[in-house]
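Read top to bottom, the protein sequences are chains A and B. Its first residue numbered 1, the first sequence is counted upward by one per residue in my numbering. Its first residue numbered 1, the second sequence is counted upward by one per residue in my numbering.
Because the hints were derived from the structure by calculation, they are not lab data. Beta carbons are placed, not taken as given, at the ideal position from N, Cα and C, and that holds for glycine.
List time: in silico DSSO-like cross-link candidates among lysine-lysine, alpha-carbon distance up to 27 Å:
#1 Lys59/A - Lys506/B
#2 Lys36/A - Lys685/B
#3 Lys699/B - Lys64/B
#4 Lys699/B - Lys56/B
Facing chain B, from chain A, some residues (calculated, C-beta under 8 Å):
#5 Arg19
#6 Leu21
#7 Thr22
#8 Arg29
#9 Tyr30
#10 His33
#11 Ile34
#12 Arg53
#13 Gln57
#14 Glu58
#15 Asp60
#16 Gln63
#17 Gly64
What follows is the residue order along each chain.
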Amino acid sequence: MRPSALLRRVISGVHWYVRELTDESAYDRYVAHIRKDRPGAEVPSRREFERMRTDQQEKDPRQGFRCC
Amino acid sequence: MRTANARTIVIWTLVALVGASGWTVLALSRGEEVSAAWMVAAALGTYAIAYRFYAKFIAYKVLKVDKTRATPAERLDNGIDFHPTDRRVLLGHHFAAIAGAGPLVGPVLAAQMGYLPGTIWIIVGVIFAGAVQDMVVLFFSTRRDGRSLGQMAREEIGPFGGAAALLAAFAIMIILLGVLALVVVNALAASPWGTFSIAMTIPIALLMGFYLRVLRPGRVAEVSLIGVALLLLALVAGRWVAESSWADTFTLAPSTLVIWLVAYGFIASILPVWMLLAPRDYLSTFMKIGTIVLLALGVVMALPTLKMDAVTDFASRGDGPVFAGSLFPFVFITIACGALSGFHSLISSGTTPKMIQKETQVRMIGYGSMLMESSVAVMALVAASIIDPGLYFAMNAPSGVIGTTVENASQVVGSWGYQISPADLAAAAESVEESTLLSRTGGAPTLAVGVSQIFSEVTGSGLKAFWYHFAIMFEALFILTALDAGTRVGRFMLQDTLGNIYRPFKNVSWKPGLVITSAIVCGLWGYFLWVGVHEPLGGINQLFPIFGISNQLLAAVALAVCTTLLVKSGRLKWAWITGIPLAWDATVTLTASWQKVFSSDPKVGFFKQRQVFQDAIDRGEILPPAKTMDDMHTVVTNSTVDGVLSAVLALLIVVVIVDATRVCVRHIRRPALSTLSEAPYVESKIVAPAGLFPTREEKEEERHAALGTAAPRD
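Taking the hints into account, I'd like the entire structure generated from these sequences.
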């Protein structure tokens with residue numbers, strides 16, 4: 001593999017990992033999930049989706065709990 | 001039967017030799033200074049062998065993980081909390097969730113007995129107990145749609161054992177929060193630099209929360225970068241503040257900090273999650289992973305030498321100033337996280353099982369993450385052991401013992417056999433720009449001194465004070481996040497319980513209920529924090545053992561649930577996998593509880609301590625380290641509370657273990673009476689590797705899956 005192609009692969013790999021680890025990709029994943037099961041269904045906007053997610057954490061704080 | 005090829009045999013022989021040479025040097029060298037490299041070699045060599053052989057054996061022979069069985073993430077995929085997550089991402093998530101202040105603090109305190117007992121327990125404990133617990137809980141919870149530990153205890157053991165487990169978990173949460181808050185108070189007291197930079201994390205988090213909620217929802221990576229940059233700025237600015245006329249504003253006494261912390265905990269926990277908790281969590285996760293990576297690099301690059309004795313005299317005499325009691329059982333109590341941590345079972349059940357792609361990945365996620373956490377504990381032990389032992393004891397002994405002047409401290413520490421001159425003690429404080437380092441108990445400041453020493457060996461000593469405050473900030477940051485998150489979890493448990501008495505409490509968004517339960521939880525941990533700060537005998541000295549005991553007792557609950565499940569699911573002949581760690585853990589913790597309650601040594605036994613001080617009060621005497629009659633009464637009250645608490649916790653756990661044993665015996669006698677609430681088998685359609693690196697067969701399978709044809713079954 002050429003060095004430039006390798007570098008590009010490393011950068012895109014890191015980008016993918018950071019997006020996944022921070023759950024920045026959560027919205028895209030959710031949209032894909034809805035589209036797959038119900039192609040015609042209405043998809044919430046990113047803003048609505050992120051609100052829904054924090055509201056859920058509010059309801060059950062055991063999600064995303066951190067240890068000692 | 002599979003035969004190993006020559007290359008594999010050569011590689012694993014070399015790994016074994018590396019580990020063995022590390023252990024040999026650590027075990028045989030006496031009196032001379034040993035390089036930390038040997039500790040690293042012993043740890044990594046042992047981890048590799050345990051992961052390759054023991055974890056694999058448990059996964060495939062005992063649990064019989066099934067790659068054709070769909071996990072809850074696949075079956076119940078809702079795109080939100082249930083979704084199959086790439087194993088490498090989940091490893092990061094799980095590790096970030098289990099790693100916290102625990103593995104950093106415990107080993108530092110345990111260094112009072114020398115570096116050898118701690119090293120042995122961190123490494124042996126993790127491979128046979130801690131990592132096994134995490135993996136087995138993860139496996140069973142995955143088979144039960146991600147049920148929590150409490151639910152599993154109720155369903156598999158019974159309502160009685162389940163209720164005891166729940167009550168124990170609540171009590172443990174409160175003690176944990178009180179002790180962690182105490183660590184922060186001891187690290188920030190009289191330190192304007194630290195206090196300012198930690199205070200600044202609140203506006204930074206609020207800003208990040210606003211950004212994510214209003215400006216650009218969901219853009220976590222960019223906002224975290226902004227946050228980390230601001231955080232480093234706050235850290236640098238802390239020095240300017242400490243040198244300016246504002247210094248007095250940020251120089252707070254411990255009792256003032258207590259009020260601030262409890263107020264913070266209460267307000268943060270009733271604010272919406274998006275405002276403070278979520279952004280703060282991103283910040284602390286970034287800092288956590290970043291600092292741990294830096295520390296690993298620092299240790300490997302600097303390879304410092306260990307100054308602490310391999311085994312100190314306190315190990316056998318049991319009269320150490322950091323915590324009282326002899327090596328057995330107290331080393332195993334003190335190094336709670338890092339070797340075996342009951343708290344991990346709360347993460348391994350619940351959150352992670354809902355995201356795992358394949359059952360076969362429980363080895364990498366459960367066992368692997370715990371090995372990583374253990375290596376963090378080893379690094380903390382290295383950091384505590386490379387500083388001058390005289391400084392170590394001067395920092396970790398309560399002021400009631402060593403006094404408040406460097407001259408006095410030098411003399412007392414010298415009488416224990418560790419020489420350090422008053423000038424050196426003053427110079428050490430000056431080099432990290434703190435007014436004093438005496439009696440900075442709690443582990444965080446000691447770790448910070450060790451970390452600053454390691455980092456400044458790489459970056460030059462000009463940055464020493466910066467690195468010290470960097471380390472303090474990094475620990476305080478995630479302890480504050482834990483206070484907020486932990487208060488919410490405690491509140492959730494309380495709402496659930498009170499809901500049985502008064503219905504509206506069950507509705508978690510009912511505002512009055514929210515405020516009342518939050519106040520109760522903050523009041524409870526705030527009480528322990530207050531007690532810890534005002535304890536004449538030293539708060540960490542008195543409370544840390546209770547924290548360690550409670551964490552290990554929670555581990556006993558988790559291991560009891562695992563053992564019951566192994567027996568009930570027809571794996572009786574393998575029940576020793578978690579049964580032996582359970583027996584060991586129960587022996588250690590119940591011995592420690594027993595000593596804490598019944599010991600006739602007033603340094604160890606709470607009731608003896610109470611009696612000694614009460615008798616003195618009756619005679620009108622004041623016993624050191626108490627200075628006034630009020631102090632005497634404080635000691636009496638605190639030792640009563642601590643003693644009763646130790647006894648109650650131990651009783652709760654005995655109830656759980658006895659109930660679990662009853663269920664196991666009943667199952668062995670009359671298997672027909674048992675019920676097993678496992679989710680039914682559904683065939684998996686996902687193809688994913690089990691380990692970090694896919695094997696050749698797994699690559700082949702993935703290629704077939706991508707082409708839409710079924711891979712050939714073996």
